[in-house]
Structures are given as C-alpha cells and as structure tokens.
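With the sequences and hints as input, model every part of the structure.
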Amino acid sequence: MSLKDELENMKNLAGKRIPADVLDLMEQATKDLAATGIAARAVAKGKVFPGLTLKNAVGKPVNLGQLYTQSPLIVTFYRGAWCPYCNLELRAYQALLPEIKAAGGQLVAVTPELPDGALSSVERHGLEFEVLSDEGLALAGVLGITFELPAKLAAVYGKIGNDLPKLNGTEDWVLPLPATYVVGTDGRIALANVEVDYRDRMEPRVALDALKETVAQVA
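Note that the numbering used here numbers the sequence shown so that position 103 is 103, with each residue one more than the last.
Mixed in with the good hints there might be a few duds.
[Unchecked claim] Listed next, the in silico DSS-like pairs over lysine-lysine satisfying Cα-Cα at most 25 Å (straight line):
#, residue 1, residue 2
1, K4, K212
2, K31, K16
3, K4, K31
4, K11, K159
5, K47, K212
6, K31, K159
7, K101, K212
8, K55, K101
9, K11, K152
10, K159, K16
11, K152, K31
12, K60, K31
13, K60, K4
14, K16, K47
15, K4, K16
16, K60, K166
17, K152, K166
18, K16, K152
19, K55, K166
20, K45, K212
21, K101, K4
What the hints contain is simulated information worked out from the structure, not anything from laboratory work.
Here is the structure:
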C-alpha cells in the first residue's frame with residue numbers, strides 16, 4: 001500500500017473519531033494557513049540547505065553540513081510522535097531505507113520535539129536512521145516552514161494531551177509544516193516539498209528518485 005493510501009485511510013478514520021466541530025476548526029485552520037502563502041515563501045529548490053548542528057535522539061550533536069558533504073541527503077520534517085500522519089510517513093521511510101542506502105544516500109528526520117520525543121519515535125517504529133531534535137525550531141525557522149497554531153486549535157491540542165510547549169521545550173505553539181528536502185553534496189537543494197495540509201505527504205519514493213538523480217550527477 002502506498003503512503004498516500006495509508007494517509008487516506010487515516011483521514012477517513014479521523015473523520016469518524018474526531019467531533020465535527022473540531023474537524024471544522026482544523027479544516028479552517030488549514031485553509032487560513034494556506035492563504036498566508038507560507039509554502040511559496042519557504043526556501044526552495046536551488047538554494048543552499050542550512051548546515052546547522054542538531055541533537056539526535058540520544059543527545060549527540062549531528063552537523064547536517066557534514067552529512068550532506070559526504071553523500072546526498074534526504075531531510076524530512078515531521079510534527080511529533082503524537083501525530084499519526086507523521087508516524088505513517090516515518091514507517092514508510094524506514095521501509096525505503098535499504099534502497100536509499102543502496103543508492104548512495106542518507107536519510108534523517110527532523111522534529112521540533114526534545115530528544116526524548118525523538119527517541120520515542122525511534123524506539124516505537126524501529127527507525128534505523130537519525131531522528132534529530134530541532135530545538136526552538138531553529139532549522140525549520142531558517143527554511144521558512146514554521147507557523148503558530150490558532151489559539152482555539154491550541155486549546156484542543158492541549159485538552160487531548162498534545163502540550164506542544166512542553167513537548168518541544170518552547171513557550172509557544174509553533175510547528176513546522178511537513179516538508180521533505182533532497183540535498184546534494186554541494187549543499188544545494190535538489191528537491192523541496194512543503195505541505196500546508198498536515199495530512200498530506202510526498203511519496204518517499206519521489207525523494208528517492210531525486211536522490212538517485214543527485215547521486216548520478218556527482219558520479
């Protein structure tokens with residue numbers, strides 16, 4: 001089953017489980033976010049990917065610049081271990097990891113959660129790639145993919161236990177858009193995909209294909 005199909009199944013399930021008024025609130029928040037033009041303003045293909053240093057799931061510093069100068073890199077942003085759509089995406093990338101490595105590439109996932117939250121995702125899904133903690137959403141901010149949840153939606157999240165300030169170690173309700181980048185060894189972004197709707201994701205195989213093209217250009 002494709003990731004798109006799995007996401008569609010999750011949407012249908014959520015439609016049955018989540019109260020109608022909450023669904024309406026989420027839908028409106030997504031429409032309002034799209035209207036800001038955030039996706040169009042985000043750092044795009046051809047730009048240099050920031051070579052920042054982030055901590056991995058056990059607190060070890062990982063420099064992204066050092067990673068992508070070694071071999072082409074896929075970087076995928078997700079909202080947190082509490083997001084079921086994100087979890088589907090992480091598992092899809094894990095399934096594709098052998099092909100990514102065979103193609104000569106690397107893969108990292110980035111979350112705004114503190115390292116403990118990143119470790120939770122690693123352990124829960126048996127992830128064999130680095131999951132990095134973007135504390136303070138520093139990297140996401142440079143890329144232009146951060147936004148703040150509307151107050152009413154933040155209140156809903158808080159009621160169901162998704163206390164983002166606590167999970168992310170911040171004082172606000174800011175999240176990254178789901179986004180995936182393929183970065184060449186020169187640091188240039190070969191593919192940039194940014195989704196305003198948190199329920200949508202690019203198929204991981206699209207990132208793999210872009211990675212293969214990038215590897216071929218280096219060879």
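Mind checking the alpha carbons of K55 and K166 for me, to see if they're no more than 25 Å apart?
OK: K55 and K166 at ~18 Å, within 25 Å.
Decide if the proposed pair is consistent with the structure: K11 and K152, CA atoms, cutoff 25 Å inclusive.
holds (21 Å)
Given the hint that K101 pairs with K212, test it: the Cα-Cα distance must not exceed 25 Å.
Roughly 10 Å between the alpha carbons, so the hint for K101 and K212 holds.
Verify the proposed pairing of K11 with K159, using a straight-line Cα cut of 25 Å.
holds (21 Å)
Starting from K152, check that the Cα of K166 is at most 25 Å away, please.
It holds: about 18 Å lies between the C-alpha atoms, which stays within 25 Å.
Could you grab the alpha-carbon distance between K31 and K159 and see if it respects the 25 Å cut-off?
It holds: about 23 Å lies between the C-alpha atoms, which stays within 25 Å.
Does the structure keep K55 and K101 at a Cα separation of 25 Å or less?
The hint holds at about 22 Å.
Are the Cα positions of K16 and K152 separated by 25 Å at most?
Holds: K16 and K152 sit about 21 Å apart, inside 25 Å.
Hinted pair K31 and K16, Cα distance within 25 Å
Since the Cα atoms of K31 and K16 sit roughly 21 Å apart, the hinted pair holds (cutoff 25 Å).
Pairwise hint evaluation, K166 against K60, where the allowed Cα distance is 25 Å at most
Distance of about 21 Å is within 25 Å: holds.
Has the given pair, K101 with K4, been kept, meaning a C-alpha gap of at most 25 Å?
holds (23 Å)
Is it true that the CA of K45 sits at most 25 Å from the CA of K212?
This hinted pair holds, its Cα atoms lying about 16 Å apart.
In summary, the structure is inconsistent with hints 12, 13, 14 from the numbered list given earlier, while agreeing with the others.
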